[in-house]
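Protein chains in written order, with the working numbering: chain A, 77 to 486; chain B, 77 to 486.
If you're looking for bench data, these hints aren't it; they were derived computationally from the structure.
Among the clues, some could well be false.
Heads up, the list lumps identical chains together, so a pair's fine if it works in one copy or across two of them.
[As the list claims (entries may be wrong)] SDA-like mimics (lysine to any residue), calculated; alpha carbons at most 25 Å apart, straight line: (1) Lys268 - Asp254; (2) Lys135 - Trp125; (3) Lys200 - Gly224; (4) Lys135 - Pro447; (5) Lys135 - Arg158; (6) Lys475 - Ser448; (7) Lys269 - Cys335; (8) Lys165 - Leu481; (9) Lys268 - Trp301; (10) Lys408 - Ser470; (11) Lys117 - Val146; (12) Lys121 - Glu297; (13) Lys165 - Ile225; (14) Lys408 - Gly224; (15) Lys475 - Pro387; (16) Lys200 - Ala420; (17) Lys121 - Gln298; (18) Lys328 - Gly104; (19) Lys165 - Pro244; (20) Lys117 - Glu397.
Keep in mind the model is a prediction, meaning the values are calculated, not measured.
Number of protein chains: 2
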Amino acid sequence: MTRMGLYCSRCSMQIPFRYQDMKCVCGGTLLVHYDLESVAKTMTKEALWHRSSSMWRYKELLPVSDPDCVVSLGEGWTPLLRMSNWEQKLQLSELWIKREEQNPTGSFKSRGFSVAVSLLKESKVTKAAVPSNGNAASALAAYASRAGIASFVFIPLDCPSLIVEECPLYGASTCLVDGFIHDAAAIIEAGKKDQGWVNVGTLKEPGRVEGKKTMGIELAEQLGWTFPDVIIYPTGGGSGIIGMWKAYLELKALGWIQCDMPKFVCVQEEGCQPIVEGLRSRRNGADRNALPSVQAGITSSPTGMRVPNPPDLDLILSIVEQSGGTAIAVSKQQIAEAGQTLGAQGISSSPEGSATWAGLLTLCDSGWLSPSDSVVLFNTSHAMKYAASGVPDSLPIIKNYEEYLRLRNA
Amino acid sequence: MTRMGLYCSRCSMQIPFRYQDMKCVCGGTLLVHYDLESVAKTMTKEALWHRSSSMWRYKELLPVSDPDCVVSLGEGWTPLLRMSNWEQKLQLSELWIKREEQNPTGSFKSRGFSVAVSLLKESKVTKAAVPSNGNAASALAAYASRAGIASFVFIPLDCPSLIVEECPLYGASTCLVDGFIHDAAAIIEAGKKDQGWVNVGTLKEPGRVEGKKTMGIELAEQLGWTFPDVIIYPTGGGSGIIGMWKAYLELKALGWIQCDMPKFVCVQEEGCQPIVEGLRSRRNGADRNALPSVQAGITSSPTGMRVPNPPDLDLILSIVEQSGGTAIAVSKQQIAEAGQTLGAQGISSSPEGSATWAGLLTLCDSGWLSPSDSVVLFNTSHAMKYAASGVPDSLPIIKNYEEYLRLRNA
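With the hints as constraints, model all of the structure from the sequences given.
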């Protein structure tokens, strides 16, 4: 087993591995720590040639200790598509799109939940719950079903109905919440003891970050063991940014890559941009305790980027700053136009994926990107999952845990 | 270049390669013929370890001669998922599902159109048209956009609206047809000379069968260079069956596999089952000229399996018989139940994919499958693409080419 324990991303304290409670006493987020010398013994670049085209090819850098507990539906090793004709138009050295929508649940969320649910299985957990804007819920539902674990998902009422409908299809107990993702999270926190739920929300357990980390390792392998200059990523809770940053650090420590850290660019939608605002506050000298929390007047669309209170905003901001990256907000209109542009290139992109294209155009216009830059965008899901079809009538709508209980007991 | 020319699947006559008109003088279908000695020089099992995880890893067995003309969106090399817990329940030696919904356009149709559109590009074609029950249209639309080729798609009015909506998203000129897929095909045939369309319908050009062939090659590689005993496949026009059979023959001729031909099982839906009926007719001694054509009373759902007149029914039947396979029809109800069963395993399956599960259960019940059998099912698309959302109001509805012209001129 290559998994050694956990370490704090803020104060660096190391503790033994545990499955729940990822907050360090200092308030930082705990992440998985590996014995990289052991990793290097069996995971070599040559060994990878013979491994499956799945994110589990990097099993030594994933925290599941019992191979029989791996819960897989065919996730990861998604195509990295070059957009050559746009490189010239936009004056970039390289432009790529990572097609995360080609994962088993039609979104990048498959990666995190493949690891998280494997850890649930290893820990003999029987009930898992998640608050989600849709794709995380559908991924938990699918992987939990595959593992024979009961899943309970709580999704804001205005989230895309087709994604919501996937959850009961996969066998999840599904509730719509009259509120935002933090309201959904509050319901789980209120009920978890009573109901026996393990909360697998963002940064609540170690698996999802580790699963998202494989996006970074894969990117490096697909580019010939290097990173691009810039990664533009649609950011909500931030586990993807944290994961890819961790991939960079681990590959660097293994001596597999020589390049600088990629500049991480977080893209959000206007109307819910805590990362953009947090970065501005920090640039103006505010310390972490002065970072804004729950914004009033959230007006952005119900996508994966709408996370008013990322669980560890400070860590995301540190990564972005450390990398020389930035955070930008784009408008609904820019996102819609970007979706059309990508569609006309043969790519079905979710609003989140489209937002990275809109962000790319903004950064090209502003001169932030330079002609020598290689850039990778992430298309996190299919456009069609966001098609309008109305709220499923069959699902209950609740505001809080009391209403949940009332419904269950009715 | 490994592509040598075309050969007739019925009379074996060889002719030089051409892009259009795949009917031999004898009435058989022309298929691509390769110089397998040349193929073997550069395509070795070892060489494949270092190639991209895309169907283009088999480029020597694909008919595109100019590598710059390859039009790719990240297709093929889809996961093959083992269903271990069902092997015991169903008493089978191995049960696998090939997850074709993880292709770039969310369906197996990506494969055929990646090759077909590459050939269009190589042939400097500027306008392509296809009759389709949905997924072929959306695949043509996506790949044609990527290649800068104009696409024109004609889809029966009752086909899934979300798939229909993808076509204009990808930039295709999209028409709904008040009729079946053969009515849509008739419109293209009537207009192709006037409009400059190349018809890329099933078996109209050599690329789609070759692209679908990669499903078979991949399956063999993923299983360690062997085929399963049985392949259960949802069949409409039949290019997938023809392609996988061709994969078997070519791999056998290369000496890469030693196994017997897999038994091909075609699954259709009750209410449109020309393959099931054709097989029955042949078993009763009917010759190919007596095969039934356009059935009256088509009552099956608008899926990819609803093809009342497969372009070369005789070839499909010959392959099924040669392989020791069979053809079965399942009901709407069985398909719906199978979709639930697969969903509860974490798999989002299209009605076509669900039909293979329903077919599997039928063949287990009847004793046709034996406990020593290894079986592979194909899930050809995502469930969500088939969600109801109503006919898009913005699209024209036509019955024939005259109405098309009237609309265009209005």
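Hint by hint, here is what the structure shows:
For a Cα distance limit of 25 Å, the shortest separation of Lys268 from Asp254 inside one copy, 19 Å, qualifies, whereas the shortest one across copies, 53 Å, does not. Within a single copy, Lys135 and Trp125 get their C-alpha atoms as close as 14 Å, and across copies as close as 19 Å, so both meet the 25 Å cut-off. For a Cα distance limit of 25 Å, the shortest separation of Lys200 from Gly224 inside one copy, 11 Å, qualifies, whereas the shortest one across copies, 52 Å, does not. For a Cα distance limit of 25 Å, the shortest separation of Lys135 from Pro447 qualifies neither inside one copy, at 37 Å, nor across copies, at 33 Å.
Taking the shortest alpha-carbon separations for Lys135 and Arg158, only the inter-copy value of 19 Å comes in at or below 25 Å, while the best intra-copy value is 27 Å. Proximity of Lys475 to Ser448 under the C-alpha cut-off of 25 Å is found in neither arrangement, the shortest distances being 50 Å within a copy and 53 Å between copies. Taking identical chains as interchangeable, the C-alpha atoms of Lys269 and Cys335 are never at most 25 Å apart, the minima being 46 Å within one chain and 55 Å between chains. In this homomeric assembly, Lys165 and Leu481 never come within 25 Å of each other (Cα to Cα): the closest approach is 56 Å inside a single copy and 36 Å across copies.
Taking the closest pair of Cα atoms, Lys268 and Trp301 never come within 25 Å of each other, the shortest separation being 42 Å inside a single copy and 48 Å across copies. In this homomeric assembly, Lys408 and Ser470 come within 25 Å of each other (Cα to Cα) only across copies, at 22 Å, whereas the closest approach inside a single copy is 30 Å. Taking the shortest alpha-carbon separations for Lys117 and Val146, only the intra-copy value of 21 Å comes in at or below 25 Å, while the best inter-copy value is 39 Å. For the identical chains of this complex, Lys121 and Glu297 are neighbours both inside a copy (9 Å) and across copies (21 Å), given an alpha-carbon limit of 25 Å.
For a Cα distance limit of 25 Å, the shortest separation of Lys165 from Ile225 across copies, 19 Å, qualifies, whereas the shortest one inside one copy, 49 Å, does not. Taking CA atoms no more than 25 Å apart as the test, Lys408 paired with Gly224 passes in neither setting, with 39 Å inside one copy and 27 Å between copies. Taking identical chains as interchangeable, the C-alpha atoms of Lys475 and Pro387 lie at most 25 Å apart only when both belong to the same chain, with a minimum of 21 Å there against 56 Å between chains. In this homomeric assembly, Lys200 and Ala420 come within 25 Å of each other (Cα to Cα) only across copies, at 20 Å, whereas the closest approach inside a single copy is 47 Å.
For the homomeric pair Lys121 and Gln298, the shortest alpha-carbon distances inside one copy (12 Å) and between copies (20 Å) are both at most 25 Å. When the C-alpha separation of Lys328 and Gly104 is checked against a cutoff of 25 Å, the pair qualifies only within one copy, where the shortest distance is 23 Å, while the shortest distance between copies is 59 Å. When the C-alpha separation of Lys165 and Pro244 is checked against a cutoff of 25 Å, the pair qualifies only between copies, where the shortest distance is 24 Å, while the shortest distance within a copy is 44 Å. For the identical chains of this complex, Lys117 and Glu397 are neighbours neither inside a copy (33 Å) nor across copies (51 Å), given an alpha-carbon limit of 25 Å.
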